[in-house]
Amino acid sequence: MFAVENGLQGDPRLQAISDAIRVIPHFPKTGIMFQDITTLLLDPVAFKHVVDIFVDRYKHMNISLVAGVEARGFIFGPPIALAIGAKFVPLRKPGKLPGRVISEEYELEYGNDRLEMSVEAVKSHERALVIDDLVATGGTLSASINLLERAGAEVVECACVVGLPKFKGHCKLKGKPLYVLVEPSQLDEVTF
Amino acid sequence: MLFLLYILLLSLCHRAPAIRLPSNNSKTPFLLRSVCVSLHLISYHLALLFFRRVNSSKASRDSETMATKEDVQDPRIPKIASSIRVIPDFPKPGIMFQDITTLLLDTEAFKDTIDIFVERYKGKGISVVAGVEARGFIFGPPIALAIGAKFVPLRKPKKLPGKVISEEYSLEYGTDKIEMHVGAVEPGERAIIIDDLIATGGTLAAAIRLLERVGVTIAECACVIELPVLKGREKLGETPLFILVTSDAA
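So the protein lines, in turn, are chains A and B. Residue 140 in this note's numbering sits at position 140 of the first sequence, and the numbers go up by one each step. Residue 37 in this note's numbering sits at position 37 of the second sequence, and the numbers go up by one each step.
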């Protein structure tokens, strides 16, 4: 579900967020129009809009855990977690987290990758939110949902700044709702 | 030992009242009183140097806009320190890993950590918060948002999609690189660099060089944890370092 479908149609903050995202063609490979959120981070007003919209949505949902996917989920997750009084749990590439971890494999276009989470980070029946900058295939978010559910958490929603249009409506990932702020920006946006 | 020497000298000086200003009526020879005052001062300062506690929040080195008093224990520090977990032999035998993920699970400690940095940097003309991948991405953005600065990620090679500049630095075996987008910062901007921990200082030193190359002034480097035994501060040159917690584990 996109923000415009859920009460934020015409909200100027969404246009500001979209305008602040830069498109880099053919990265990391030919044919991909990469949505570069680093330009959003250079605009403190637009960056704050992102956090404010997510915080307004989640602050009364009794969420005690915000899980962020390495590495760009680490940028958006903590400010939201701090504002809603939840803990932040990093979901990391293999071998980065110390202590006891559980891992979940997921498919890439070519081959597989793995995501890990600390087992001690989650209490049973905790209500959790998963954050990443962008959702494309949904593979990473699905792996994240699996990790949290295996540890006993209840995933309330997945949230992303950018999402492909196919996630409009009541699209779900592994039965969990998805909330997206903006569609991908186009190449004719002003860039630096 | 030095403390005992200090006490002995103090008691010797007490016989000639060196603490009071010498008066013409004093029966003690002026030379003896002068020597006692000097010894008193020298031993006092030596004792102070050796018995300064390091396990609390440390003031950064001198910085015109960041001037702080001597070591002051912020009451929030002990809880922050105790929320950090130490994992032995990670990522390899002999390393005592400082795990900040447990700090992130403690909502009060995490908030306090950010608050301390925000209180320090708000209103100081800082327009750039640069965070070192990946744990610098956790602490940097909340600080940037609170002080109205932009957040600039400093990343491992080939992660940033646009045109980048890079800076190489040494590892124990070999070298690594960090990168920043061209145009993310402008000459004349004032920046702080954030990471969770400073160990040898190699990464932070590379980050300083990267930003200085494009005309940015680094007001300070800021980390949650320092491992002083690894002497990372020495690699930072004139750039001040502010940390919350020190650890003797390395």
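Source of the hints: derived by calculation from the structure; they are not laboratory data. Treat the hints with care, as some may be off.
[Stated by the list, open to error] With a cut-off of at most 20 Å between alpha-carbon atoms, the simulated DMTMM-like pairs for lysine to aspartate or glutamate come out as follows: (1) B:K111 / A:D113; (2) B:K156 / B:E168; (3) A:K59 / B:E108; (4) B:K122 / B:D112.
The hints, checked one at a time:
1. B:K111 / A:D113: violated (33 Å)
2. B:K156 / B:E168: Satisfied, since the Cα-Cα distance of roughly 10 Å is no more than 20 Å.
3. A:K59 / B:E108: Roughly 17 Å between the alpha carbons, so the hint for K59 (chain A) and E108 (chain B) holds.
4. B:K122 / B:D112: Holds - the C-alpha atoms of D112 (chain B) and K122 (chain B) are around 15 Å apart, at most 20 Å.
When each numbered hint is compared with the structure, a violation occurs for hint 1 only.
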